[in-house]
Structures are given as structure tokens and as C-alpha cells.
Amino acid sequence: MPLWITALSAGVAGVLSGLGIGSAGLFVLYLTLVLDMGQVQAQGLNLLFFIMSAGASLFFHIGKRHIPWRVVGFLVICALPGAVLGTYLVSVWDTLLIRRLFGVMLTVSGSMALFRKAKG
Amino acid sequence: MKTLRTRHLTLLSLLPWILTGFGAGVLNGLLGAAGGILLVSVLPYLTPPAGFTLAPSPFAEQRDVLATSLCVMLPVTLLSALLYILQGNGTSPQLAMVIALPSMLGGLGGAYLLGRLPRNLLRKLFGLLVAVAGVRMILG
Chain H
74 MPLWITALSA
84 GVAGVLSGLG
94 IGSAGLFVLY
104 LTLVLDMGQV
114 QAQGLNLLFF
124 IMSAGASLFF
134 HIGKRHIPWR
144 VVGFLVICAL
154 PGAVLGTYLV
164 SVWDTLLIRR
174 LFGVMLTVSG
184 SMALFRKAKG
Chain Z
290 MKTLRTRHLT
300 LLSLLPWILT
310 GFGAGVLNGL
320 LGAAGGILLV
330 SVLPYLTPPA
340 GFTLAPSPFA
350 EQRDVLATSL
360 CVMLPVTLLS
370 ALLYILQGNG
380 TSPQLAMVIA
390 LPSMLGGLGG
400 AYLLGRLPRN
410 LLRKLFGLLV
420 AVAGVRMILG
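For the record, the sequence lines run as chains H and Z. Each position in the first sequence, counted from 1, maps to that position plus 73 in the numbering used here. Each position in the second sequence, counted from 1, maps to that position plus 289 in the numbering used here.
Keep in mind the hints are simulated off the structure, nothing from the lab. Here the structure is a predicted model, which is why all the values come from computation and not from measurement. Treat the hints with care, as some may be off.
Pulled a few chain Z residues facing chain H out of the computed Cβ check, cut under 7 Å [as the list claims (entries may be wrong)]:
#1 T366
#2 P391
#3 V419
Even glycine gets a Cβ: it sits at the ideal position worked out from N, Cα and C.
Turn these sequences into a full structure, and let the hints steer you where they fit.
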């Protein structure tokens, strides 16, 4: 698969991410189904993708949105140990199980997006 | 005069926030994604304990929730990505470089287009695609 297609896919996923639609699943799907990348490696690349796309999109959000920074700080403190646990589980759980869990996540988030009413 | 509705800042009042944050972190580390989805879904329904804000909810609208979720997940994702690399689950530097610029440009473009595109229609199309793919992954 030509690299430019991968780059284009990342760009499209980035646009969806910036729109708040949620592109994470889509990009991992591309990496695993089209590039035949391993599930965990695809997730790792997806993390990098999110850092770049979300980091860039924050330029538009900061200053324009009401962001409760104390809430952000508190949630980050709570989330960091969770991330450590999650990455530990990736190293000990079977890849097929992780892939199926990812599938559950996709199904749930896709269904939520499909049936959720429009919000501001 | 507006009065603060005071509630004692107890662990019980913070528990939903703690669990939500922790859960988002676990999803981020375990699946490389979905932490933000959890935050965006749950945060608008969490009652803020006293001391966080005077408003009924910290979030005036859905876009605030999205922006807040991004701010939370960015440092968490940095940690997860670092741990993935340390575990040997990182990707090739070449592939990372290939996606770097398009990802950033895409993120900028999407944020710019927020409010200018039929987001609800896009969300439903995306939802359908992802849900079908998810079922396939579960069964596959």
C-alpha cells in the first residue's frame, strides 16, 4: 500500500477527530484491515495519531471554549493510573481478546453515534 | 444574589468523577482509544461537587465537553504512547513520520470545520461504518 494512502487516511481521520466525531476506531481499522498491522501495534500508532491530531485541533478550542481547567486537572490525575493499568493489561492479555474488546468498543461507540440525537 | 449550593466535598461526591477519569485512562491504555468517547458521553451528566464551579454544570455546551475531553486525553495519551513504546509495541519511526503532518493538518481542519459541516449526518455515517466494523471484529 503506497504511503500516500496511509498519509491520506491519517488526514481524513484527523478531520473526523477535529470534528469530534471520533476517528480512533476508523484509523485502527485501516491499519489492521488494510495494512495488516498487528492490533497492538496499530493501537500504539493510533495513540501517536491522536496526540498529533488532537494537539493541533486544540488551537481552535482553547480560548473559544469554556474549559474548566480544575476539572481537567482532576480528571488527568485520575486517568493516569488507569492508563498505566490499561497498558499493563495490553502486555499480559491475549491479542485476540484485545481485538475483540476493541470490536465491542467500536460497536458501542458506532451505535451511540448512530442513535444519539443531535446536540450543539 | 446568587448563592452557592454548598455540599461537603466528600469522596462519595467525587467518586463518579474518579471512576470516569480512571475508566477513560484504562480504555486509553488498553485499546489505544475510546477514553475520549467515555468522557464525552459521561461528563455532561456528572454533578460537580462543591468547589469546582458555581454553574449547574461545568459544560455550557457539547463543544465544551469535547474540548475538555481533548485536554484531558492529551497528557494521558502521551503517557500511554510512551508506555507502549517502552513495552516494544511502538510503531516504526517511518510510519509515524508519514502520519504526523496529515494528522495535524486534519485535526486543524476538523476543528475549523466544526459548526460549518453537517456534523450530525457525518456522525451517523461514521457510526454505521464503525458499528459494522466492530461487529466484524468481534466475530472475526
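We went through each hint and held it up to the structure:
1. At about 5 Å, the closest approach between the beta carbon of Z:T366 and any beta carbon in chain H falls short of 7 Å, and the interface hint on this residue holds.
2. Interface hint at Z:P391: satisfied, since its Cβ lies 4 Å from the closest Cβ of chain H, which is below the 7 Å cut-off.
3. The criterion of a C-beta within 7 Å of any C-beta in chain H is met by Z:V419, whose closest approach is roughly 3 Å, and the hint holds.
In this structure, none of the earlier numbered hints is contradicted; all agree with it.
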